[in-house]
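**Student:** Sequence:
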Amino acid sequence: GILSGQVKGAKRDLAVVNAAGGFVVAGLARDLGDGIALARAQLDSRRAWEKLHAMQDYSASSR
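Numbering (the working numbering), first residue to last: 1 to 63.
Just so you know, these hints were derived from the structure itself, not from any lab. One thing to keep in mind: the hints can contain errors.
The following label-pair restraints were derived from C-beta to C-beta distances [said to hold, decoys possible]:
#, residue 1, residue 2, range
1, 31, 62, 33 to 41 angstroms
2, 45, 9, 14 to 22 angstroms
3, 22, 58, 19 to 27 angstroms
4, 57, 33, 27 to 35 angstroms
5, 59, 30, 27 to 35 angstroms
6, 32, 63, 34 to 42 angstroms
7, 10, 61, 35 to 43 angstroms
8, 27, 51, 12 to 20 angstroms
Beta carbons are placed, not taken as given, at the ideal position from N, Cα and C, and that holds for glycine.
All chains should be modelled from the sequences, with the hints used to inform the complete structure.
**Tutor:** And the structure:
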């Protein structure tokens, strides 16, 4: 998938732009350009993938 780095191209680009908009709205980025840079950094470093797994682990342990 996109978070694991297996999907590239237009699908990844769309996810980056969507995340960038969310970062701007949340006040985590000043503008869309900064949001895009932040989204790319999260994907490239696999932090987004790690966060997904952490949330899955937490969800499974709280049942």
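**Student:** Could you work out which earlier hints the structure fails to respect and list their numbers in ascending sequence?
**Tutor:** none
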